[in-house]
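Asks: Sequence:
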Amino acid sequence: MGSSRTGGIAACSTPAEITTQDGQKIMTADKPRIDSKDGFVTYEKDGKEVKVNSNNVKSIEEVK
Numbered sequence: 046m047g048s049s050r051t052g053g054i055a056a057c058s059t060p061a062e063i064t065t066q067d068g069q070k071i072m073t074a075d076k077p078r079i080d081s082k083d084g085f086v087t088y089e090k091d092g093k094e095v096k097v098n099s100n101n102v103k104s105i106e107e108v109k
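Start counting the sequence shown at 46; every next residue gets the next number (our numbering).
Derived from the structure by calculation, the hints contain no laboratory data.
Keep in mind that the hints are not guaranteed to be accurate.
Here are the simulated lysine to any residue pairs, SDA-like style, with alpha carbons at most 25 Å apart [unchecked claim]:
1. K82 <-> Q66
2. K90 <-> I105
3. K109 <-> D83
4. K109 <-> D91
5. K82 <-> N98
6. K103 <-> D67
7. K90 <-> T64
8. K93 <-> E107
9. K109 <-> E94
10. K96 <-> D75
11. K109 <-> Q66
12. K76 <-> E89
13. K70 <-> D80
14. K109 <-> A74
15. K90 <-> T59
16. K70 <-> I105
17. K103 <-> G68
18. K76 <-> I105
19. K82 <-> K109
20. K109 <-> T64
21. K109 <-> T87
22. K90 <-> V108
23. K76 <-> E106
Here are the in silico distance ranges between beta carbons for each label pair [claimed, not checked]:
24. K109 <-> K82: 26 to 32 Å
25. D83 <-> K109: 16 to 22 Å
26. M72 <-> S99: 26 to 32 Å
27. K103 <-> T59: 16 to 22 Å
28. G84 <-> K109: 24 to 30 Å
In this text, a Cβ means the ideal position worked out from N, Cα and C, and glycines have one as well.
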């Protein structure tokens, strides 16, 4: 029973790596949201929402 719960969690998350223009790498547990209206990339870290200006983002890649 416990393994089905773990499988459900793994199936829902899409880890990603955000690389900033200055080379910083940020690992996220889930795929970040890109908001074209406010120009920010948003992800969650330690239960809190974090926003990065999309002008500072070089790339976002899914981690496999």
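Asks: Which hint numbers does the structure go against, in order from smallest to largest?
Replies: 3, 19, 25, 26
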